[in-house]
Amino acid sequence: MVLASIFETVSIQHYIVLSTVLFVIGVMGVLLRKNAIILLMCIELMLNAVNLLLVAFSSYFGESDGQLFVFFIMVVAAAEATVGLSILVLIYRNTRSVDVGIFNKLKG
Amino acid sequence: MSIYNVFMLLAGLTIGSASMVVISKHPVRSILYLIVTFFLISANYVLMNAQFLAIVNIIVYAGAIMVLFLFVLMMLNLSKDNEPKSPIIMTAAACIAGGSLLTVLVASLRDAVVCKSFVPAVNDDQGLVGILGKELFTTYLLPFEITSVLFISAIVGAVVLTKREKQIID
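Here the protein sequences come in this chain order: A and B.
Last residue of the first sequence: number 108 in our numbering, and the count goes up by one each step with no gaps.
Last residue of the second sequence: number 278 in our numbering, and the count goes up by one each step with no gaps.
FYI, nobody ran anything at the bench for these hints, they're computed from the structure.
In this text the structure is predicted, and so the values were computed from the model without any measurement.
Honestly, I wouldn't trust all of these hints.
Unchecked claim - With a cut-off of at most 25 angstroms between alpha-carbon atoms, the simulated DSS-like pairs for lysine-lysine come out as follows:
#1 K193(B) / K105(A)
#2 K193(B) / K107(A)
#3 K105(A) / K34(A)
#4 K107(A) / K34(A)
#5 K193(B) / K133(B)
#6 K193(B) / K34(A)
Stated by the list, open to error - Label pairs and their computed distance ranges (CB to CB):
#7 D65(A) / V136(B): 36 to 44 angstroms
#8 V100(A) / A200(B): 17 to 25 angstroms
#9 T270(B) / K107(A): 22 to 30 angstroms
#10 V83(A) / E253(B): 14 to 22 angstroms
#11 I102(A) / L250(B): 40 to 48 angstroms
#12 G265(B) / G62(A): 37 to 45 angstroms
#13 I239(B) / T9(A): 35 to 43 angstroms
#14 L217(B) / N104(A): 31 to 39 angstroms
#15 V114(B) / R93(A): 42 to 50 angstroms
#16 N104(A) / I131(B): 20 to 28 angstroms
#17 V257(B) / R93(A): 25 to 33 angstroms
Every residue, glycine too, gets a C-beta built ideally from N, C-alpha and C.
All chains, please: the whole structure from these sequences, using the hints.
Written out as structure tokens, the structure reads:
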């Protein structure tokens with residue numbers, strides 16, 4: 001089964017720029033927002049930007065290794081979201097807030 | 109509509125909805141925009157002939173992880189907008205830092221030539237489930253098994269962390 005490749009019309013540079021922009025939007029979210037749940041969501045956005053670039057290169061070179069790396073990244077992201085949200089629930093129980101501005105108890 | 113226009117439309121929509129995740133003040137709206145972003149990224153995967161990964165992306169990200177986020181948000185009753193305003197100097201610093209990062213990354217990657225005389229792969233069937241599965245269960249068998257250990261530890265960690273400790277009756 002031979003499928004037409006998108007890279008006959010769209011160059012790989014387009015995908016590099018697209019995933020860079022998505023990654024930077026995630027970084028901006030981490031820097032701008034104070035809500036810890038939205039911070040975790042921005043981390044997911046950054047992981048997805050990397051996934052997009054891995055799939056683009058995998059499709060560009062015709063190898064399936066990049067797509068398998070995306071599987072492993074998804075697994076790690078799911079585990080990270082689970083543990084992160086449970087820590088967040090614990091913090092909310094103690095402080096009644098998820099504002100990262102008041103999580104400065106570890107500063108010493 | 110050529111495939112180039114489809115890509116441009118998808119890219120614009122993806123960047124727009126990803127920006128709305130950061131911009132929108134209401135946390136629930138932010139989560140919903142992130143789900144839209146994941147669907148658009150899945151559309152990009154379909155465009156790149158990674159059909160199985162597109163379905164998995166929708167099931168795992170939009171179906172499981174984002175529902176978990178939404179559930180925690182509803183459980184903590186944070187859906188109202190009570191985020192304090194950050195000072196304007198912090199916002200400006202964040203914008204300058206993000207803009208600089210974007211400029212440096214794009215400038216350094218723009219001229220990066222992956223392979224000068226490389227012709228993109230014609231036989232583009234590496235995203236089909238059979239080929240991915242064969243690769244996963246032969247070459248990547250050990251990482252796949254370690255992944256299950258990671259998942260077990262994540263589950264145990266989540267349960268242990270959120271378990272209420274027994275009240276000591278004295």
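So, going through the hints one by one against the coordinates:
{"no.": "1", "hint": "K193(B) / K105(A)", "verdict": "holds (21 angstroms)"}
{"no.": "2", "hint": "K193(B) / K107(A)", "verdict": "holds (22 angstroms)"}
{"no.": "3", "hint": "K105(A) / K34(A)", "verdict": "holds (16 angstroms)"}
{"no.": "4", "hint": "K107(A) / K34(A)", "verdict": "holds (17 angstroms)"}
{"no.": "5", "hint": "K193(B) / K133(B)", "verdict": "holds (10 angstroms)"}
{"no.": "6", "hint": "K193(B) / K34(A)", "verdict": "holds (9 angstroms)"}
{"no.": "7", "hint": "D65(A) / V136(B): 36 to 44 angstroms", "verdict": "holds (38 angstroms)"}
{"no.": "8", "hint": "V100(A) / A200(B): 17 to 25 angstroms", "verdict": "holds (19 angstroms)"}
{"no.": "9", "hint": "T270(B) / K107(A): 22 to 30 angstroms", "verdict": "holds (25 angstroms)"}
{"no.": "10", "hint": "V83(A) / E253(B): 14 to 22 angstroms", "verdict": "holds (20 angstroms)"}
{"no.": "11", "hint": "I102(A) / L250(B): 40 to 48 angstroms", "verdict": "holds (43 angstroms)"}
{"no.": "12", "hint": "G265(B) / G62(A): 37 to 45 angstroms", "verdict": "holds (39 angstroms)"}
{"no.": "13", "hint": "I239(B) / T9(A): 35 to 43 angstroms", "verdict": "violated (24 angstroms)"}
{"no.": "14", "hint": "L217(B) / N104(A): 31 to 39 angstroms", "verdict": "holds (36 angstroms)"}
{"no.": "15", "hint": "V114(B) / R93(A): 42 to 50 angstroms", "verdict": "holds (47 angstroms)"}
{"no.": "16", "hint": "N104(A) / I131(B): 20 to 28 angstroms", "verdict": "holds (26 angstroms)"}
{"no.": "17", "hint": "V257(B) / R93(A): 25 to 33 angstroms", "verdict": "holds (29 angstroms)"}
Against the hints set out earlier in the document, a violation occurs for number 13 only.
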